[in-house]
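Novice: Listed here are the chains, written in short residue letters.
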Amino acid sequence: MTVTEEKGMAERSMGLGLRWLSKLAGSDLLDRIRIRKQVERALFTGTKNGFRSATAAGRTFKAAQRLTGPARQAPSKPRALFDISPDDEQQMLKEGVRDFAEAKVRPVAKQSDFDKAAPAEVLAQANELGINMLGVPEELGGVMHEQAAVTSVLIGEALAHGDMGIAYAALAPGAVATAIGHWGTAEQEATYLPAFTGEETPAAALAILEPRPLFDPLALDAKARRDGEDWVLDGVKSLVARPGDCELFVVAAEAEGLGPALFVIESGASGLSTEPEPAMGLRPAATGRLLLEGVRLPAAALMAEGKREAYVECVQRARVAWCSLTVGAAQAVLDYVIPYVNERTAFGEPISNRQAVAFGVSDIGIESDGMRLATYRAASRADQGREFAREASLARRLCAQKGMQIGSEGVQLLGGHGFVKEHPVERWYRDLRAAGVMEGALLV
Amino acid sequence: MINLEIPKKFKPLVNQANQVAQEVFRPISRKYDEAEHSYPKELDMLASLIDGMNEGSEIGGAGATGVRRESNGEGDGGNRNGSNLSTVLGIIELCWGDVGLLLSMPRQGLGNSAIASVATEEQLEHYGGKWAAMAITEPEAGSDSASIRTTAELDGDEYVLNGEKIFVTSGDRADLIVVWASLDRSAGRAAIKSFIVERDNPGLKLDRLEHKLGIRASDTANFTLQDCRVPKEALLGSSDVEDKKGFGGAMQTFDNTRPLVAAMAVGVTRAALEEARARLAEAGVEIDYDTPALSQSAAAARFLEMESDYEAAHLLTLQAAWMADNDKPNSLQASMAKAKAGRTCVEVALGCVELCGSLGYGENDLLEKWARDAKILDIFEGTQQIQLLIVARQLLGKSSSELR
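Those protein sequences? They're chains G and U, same order as listed.
The C-terminal position of the first sequence is numbered 444 in my numbering, with every residue numbered one higher than the one before it.
The C-terminal position of the second sequence is numbered 1404 in my numbering, with every residue numbered one higher than the one before it.
Reference listing, derived: stretches of chain U covered by chain G, where coverage requires no fewer than 3 residues with Cβ under 8 Å from a Cβ of chain G:
| hint | region |
| --- | --- |
| 1 | 1004–1014 |
| 2 | 1285–1297 |
| 3 | 1311–1322 |
| 4 | 1335–1341 |
Just so you know, the hints here were simulated from the structure itself, not pulled from any lab data.
Ideal placement from N, C-alpha and C gives every residue a C-beta, glycine not left out.
Make a model of the complete structure from these sequences and hints.
Specialist: Here it is, written out as structure tokens:
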């Protein structure tokens, strides 16, 4: 079934539902029998399901070459000296992406937030910058000889300075390429990675997060059970970027006899569907759920032979990636509030002449710089092939906590003006809360 | 190339400092906390050892070798890891042992740092090898060092100092006191200069030693200067009142020493975290870095939160020192580090006491002591509020008259 047919059906059924709904809502029957809340809730769920659609038909992925073994980027040489400066190449990339974020991303951020979608041409332009092939080994057409966690962090930070939600949408496909480049089998690499280095790179998503409180990526509800040679997957994944457009997924599920593991799934797989799941922030990423109902996969879909270390590393790398976006958005808040509090006057002078205001700015500066350094440290350890579980975890804690505070302080410093959509700080308030919520979805 | 690990070449220094902390400081920590005002004589041998280290290598002790910008280590492709970074690393380890004892180290005073940073060759020769304390604060002038009332009047070949100084760390034990005084109180901050006063100068009268909340191993003295005469050559830096750099020069000492105090706070913070972690482990609480904090016990989640603040404070401190090594202006980063490390140290040390219950609160262990020691680190060398002011002025582009 094609996407258009499915949408047509969904729209028709919604039309019927709405007529029924308004008739029902107008009647006082619900109140009389005290079930209005339950019915409304059921209707809400029903309405959402009305929007459920099949995943995109997608292209046919075919192995372009035969590899004797999986190609991998080498770790960088261990560094002897302490250093906070990016190298020349990183600096260039960082500045390029920063310029792009300022010229192309920030101007469309407000509308994209409203539309719950980023403009296709902005995503295409971002992709042209090569941001989605940083994890592709050179043998498969990649550009980075060594692992590129630090480079990815610098790019994520620069892009999110423009807009965190658009950054999520733009970088999500790269997470799939990086996952396959790091943990894919030779066959998976040969089959899927060339698509990420060409002109028309596919939308793709790394889906780990699930809709439940206290989600723990090491204790997944999604299950993969064995059936002969095959795997059969069931579960629900949450806040996936543009799931309806994706042609390829890497999905985490508890694999029978192995533990949490990653599977490569093409969008055409039967039993796979998506539904919208808009959230308080990250709205330009058109977040949605990915539903797996008896999705049958060949044995070859399993990544890294289901090794736990590979999966855990994936979770850690994702956390560092979200930290990088958080740092960029936090910096955006700082850069925005400084001129505002300097220009806004009250009681006859700029409000920044008051310590109560000025100290708020200081704290944003101090905490965002701490977040940045903690994130850089985790990424740099990852590139050098060192353990980085501790550093990733602490950077995440820091970004979750302080990122949220910075979002809140940004609105506070603008007062009522911060609460209205004329200024971007309310959007950053919503976006920055994501730092403590998101798992998976992006990778460094 | 971004790398935020401790450089390999400083590993021996870090190990050495850690051993001193472990073998010398920790065993006498409680003793001198209880015996306030008695001199920790165990430090004499150690001080000689460190003097030897200062001469033989760039391994610094407590930062008293000063922070001259030219004393940088060799680099790779322009990046340098020099004495600022090595000093900060050494201090972190030593204060992991005991911050009060570090402050009591002979010849490692803040005055030494000031002398080493701005003294002329002649002054270095004359005053080198002596223990120098620093006297800035007055009863009516704390954070506002520009309003100090102690005066210095030129009389022939001598300056005559009059005034009152409080909170002088190691003031009783040091050989020299670097005293801040004004050459002309109507000329404002430009007239504020620092003078080296010999401890046995008859015009320098010790009023009393303070009894304190923490860092009790370190003596804190109050002085009266009464017609205290010092030779003209005792003035540090330029004597020109018109020289606007005068006060800036004095304050510059702080730009250089803030990362050092931040390092002290980082060391105490780490000590508290390690102790609490060990105690929690005994109680069956393990910290897991992969499981989300909120899916672990409340104690583990709290610990992770505290450790993440420690990580930020640590890295901000290393950043400030690294910038100094690389001749990058670091006034903003130095204050950020001091602010973050100071407040983190207090929050974490007190938090660890709570996590460990009566074990943390009781005197059988050192946690309660570290929690008392911690508080001064958010106060001296510029309080939390002063650091926030400096950071705000820099970020907002404000002068000290606009943002007061």
